[in-house]
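Undergrad: Letter by letter, the chains look like this.
Number of protein chains: 2
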Amino acid sequence: MPTIHHHIAYLREALKPYRSQQCIALVPTMGNLHDGHLELVRLARQHADIVVVTIFVNPTQFGVGEDFDSYPRTLDADVAKLATVGTDYVFAPTSDEMYSVLPPPTSIHAGAITDQLCGQTRPTHFDGVGIVVSKLFNIVQPDTAIFGQKDYQQLAIIKQLVRDLSYPIEIISAPIVRAIDGLALSSRNQYLSSAERNIAPLLQQELQRLAKQLKNSEHLGLDIEILIKQSRKRIISAGFNIDYLEIKTAQLEPITAGLAKNTNNAPQDLIVIVAAWLGRARLLDNLLVTVHS
Amino acid sequence: MPTIHHHIAYLREALKPYRSQQCIALVPTMGNLHDGHLELVRLARQHADIVVVTIFVNPTQFGVGEDFDSYPRTLDADVAKLATVGTDYVFAPTSDEMYSVLPPPTSIHAGAITDQLCGQTRPTHFDGVGIVVSKLFNIVQPDTAIFGQKDYQQLAIIKQLVRDLSYPIEIISAPIVRAIDGLALSSRNQYLSSAERNIAPLLQQELQRLAKQLKNSEHLGLDIEILIKQSRKRIISAGFNIDYLEIKTAQLEPITAGLAKNTNNAPQDLIVIVAAWLGRARLLDNLLVTVHS
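If you read the sequences in order, they're chains D and S. Per my numbering, the very first residue in the first sequence carries number 11; after that it's consecutive. Per my numbering, the very first residue in the second sequence carries number 11; after that it's consecutive.
Keep in mind the hints are simulated off the structure, nothing from the lab. Where hints are given, some of them may not hold.
For identical chains, the list gives no copy identity; a pair is met inside one copy or between any two copies.
Unchecked claim - Using 20 Å as the maximum straight-line C-alpha spacing, the simulated SDA-like pairs for lysine to any residue come out as follows:
{"hint": "1", "residue 1": "Lys169", "residue 2": "Tyr109"}
{"hint": "2", "residue 1": "Lys26", "residue 2": "Tyr99"}
{"hint": "3", "residue 1": "Lys26", "residue 2": "Asp59"}
{"hint": "4", "residue 1": "Lys239", "residue 2": "Ala24"}
{"hint": "5", "residue 1": "Lys225", "residue 2": "Ile190"}
{"hint": "6", "residue 1": "Lys160", "residue 2": "Pro178"}
{"hint": "7", "residue 1": "Lys160", "residue 2": "Ile182"}
{"hint": "8", "residue 1": "Lys26", "residue 2": "Thr154"}
{"hint": "9", "residue 1": "Lys26", "residue 2": "Phe72"}
{"hint": "10", "residue 1": "Lys243", "residue 2": "Asp137"}
{"hint": "11", "residue 1": "Lys225", "residue 2": "Lys239"}
{"hint": "12", "residue 1": "Lys26", "residue 2": "Pro178"}
{"hint": "13", "residue 1": "Lys26", "residue 2": "Glu263"}
{"hint": "14", "residue 1": "Lys225", "residue 2": "Glu263"}
{"hint": "15", "residue 1": "Lys169", "residue 2": "Ser117"}
{"hint": "16", "residue 1": "Lys91", "residue 2": "Ala189"}
{"hint": "17", "residue 1": "Lys26", "residue 2": "Ile209"}
{"hint": "18", "residue 1": "Lys91", "residue 2": "Met40"}
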């Protein structure tokens, strides 16, 4: 069983002996763990001697009217699952332990990269992520940290944070884990009714279709805007409310800027990325695709 | 002689063996060292096994039209001075080593505490300090860091940063070192003409006078606003342009808020704090004073 700590000072004390010689991996989570999280831990296990999983439903990354209060909290079940994949330490602080003042006066803003995608409907979300991830980095001082590709914009922002603030941490991206029907695993999937759950995999199917069309577009001359428009129509018809459905470079730049830079016709890494509401659940998904332009 | 590193990776490699067992102190400076800086290093020496002094004229904390280009850069002389006070490592990076993109997309803002005093005339200054100090914390990962009381608002902001971002670093405040005539030592004192240099100690004398008046005000019933007004008049008459001259609580709150909280008539720690231009030099000074209200 992993050792559980609720206090920053005790966790630091526990980790201190490993600092010089051993590699520490951090897996930050909000708990309510599913196989996607366990995959993060397995990846951490491959890259480090000591694996620290944090479980903290971070208030600063929830906006007004969002699901902070109803977000599922299942610590005992989480710890039992973590025990099966080789977790050394679980850090599960209270909000008071993490924030002596809420909101904290100091803020971290990731700049232009947050002005798009999720940042448009959740304008304070990534500032909250920036603060809590910085805190967890400073509390655990890991050598490596694992984040899921499912939250792709978050991943890009954290890579930027590590570069801009000179954190000595290697960020590892973990592939999306999917249900057998293709739906990306998420704690918020449990907000779906069973009828909605049957519809939900359509999101992933549309991403697959767009990726295939993108790969073909080079010789078929298809217009990307039209492809997206058709796809939006099908997603909406199925009962989703779309937050966004976009195709960007893998660095989340506009695709035209990416193509303009690509003067030597090198293969381009693009991302097809979506956020859409189905009933009470806001679902995220994305697919990386390499095109030869 | 201290070992000098210009690259983040080499400095980290050099410090790694000390991490588990020994205490590392960081003294961040912009170089052009005087006895005030050397006092910071002596204090670091008392608190740690390994002393790292950073020398970096940080572009992000200078505003447009400020003295970034003309700020004195004297690395060889600095290193020679540091050798006399027991510095283990000097970290002197280039701007490119510190910032791959300038300005960095990620920003740190310390909130309301920056809206006053120096923040009013230097609105981007403390954001730049926040970024560079966070980077140096992450590069050196010290156990303790020493900052001078002369930059009192900066010190308060860094203490807040450490709390809000959970840095495992003890911040030690070093007392102001003064010339024999009372002028606080500063690299920018060399911008003063010799005539201005003779006038400069008046700033400190006015702080002393205000501190004494504050201590008396309890039984003399003096009005603080009037005391400041009289003091401003004398400073301006001597040839200064005042940026600000204020009395705050030691936490940089308005004095009335501090007194309102003080329901048990406990002694109050106040700060008398000034910034004023004399010729080309912007001089800072301050004095902590305990009053019995």
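Undergrad: Does each hint fit the structure? Answer for all of them.
TA: Cross-check of the supplied hints:
| no. | hint | in the structure |
| --- | --- | --- |
| 1 | Lys169 / Tyr109 | between (24 Å within a copy, 15 Å between copies) |
| 2 | Lys26 / Tyr99 | within (13 Å within a copy, 23 Å between copies) |
| 3 | Lys26 / Asp59 | both (14 Å within a copy, 17 Å between copies) |
| 4 | Lys239 / Ala24 | neither (53 Å within a copy, 55 Å between copies) |
| 5 | Lys225 / Ile190 | neither (25 Å within a copy, 75 Å between copies) |
| 6 | Lys160 / Pro178 | neither (24 Å within a copy, 31 Å between copies) |
| 7 | Lys160 / Ile182 | within (13 Å within a copy, 42 Å between copies) |
| 8 | Lys26 / Thr154 | both (16 Å within a copy, 16 Å between copies) |
| 9 | Lys26 / Phe72 | neither (32 Å within a copy, 37 Å between copies) |
| 10 | Lys243 / Asp137 | neither (32 Å within a copy, 44 Å between copies) |
| 11 | Lys225 / Lys239 | within (17 Å within a copy, 73 Å between copies) |
| 12 | Lys26 / Pro178 | both (16 Å within a copy, 12 Å between copies) |
| 13 | Lys26 / Glu263 | neither (40 Å within a copy, 37 Å between copies) |
| 14 | Lys225 / Glu263 | within (19 Å within a copy, 60 Å between copies) |
| 15 | Lys169 / Ser117 | both (18 Å within a copy, 14 Å between copies) |
| 16 | Lys91 / Ala189 | within (18 Å within a copy, 64 Å between copies) |
| 17 | Lys26 / Ile209 | neither (48 Å within a copy, 52 Å between copies) |
| 18 | Lys91 / Met40 | within (14 Å within a copy, 50 Å between copies) |
Checked against the numbered hints given earlier, the structure breaks hints 4, 5, 6, 9, 10, 13 and 17 and satisfies all the rest.
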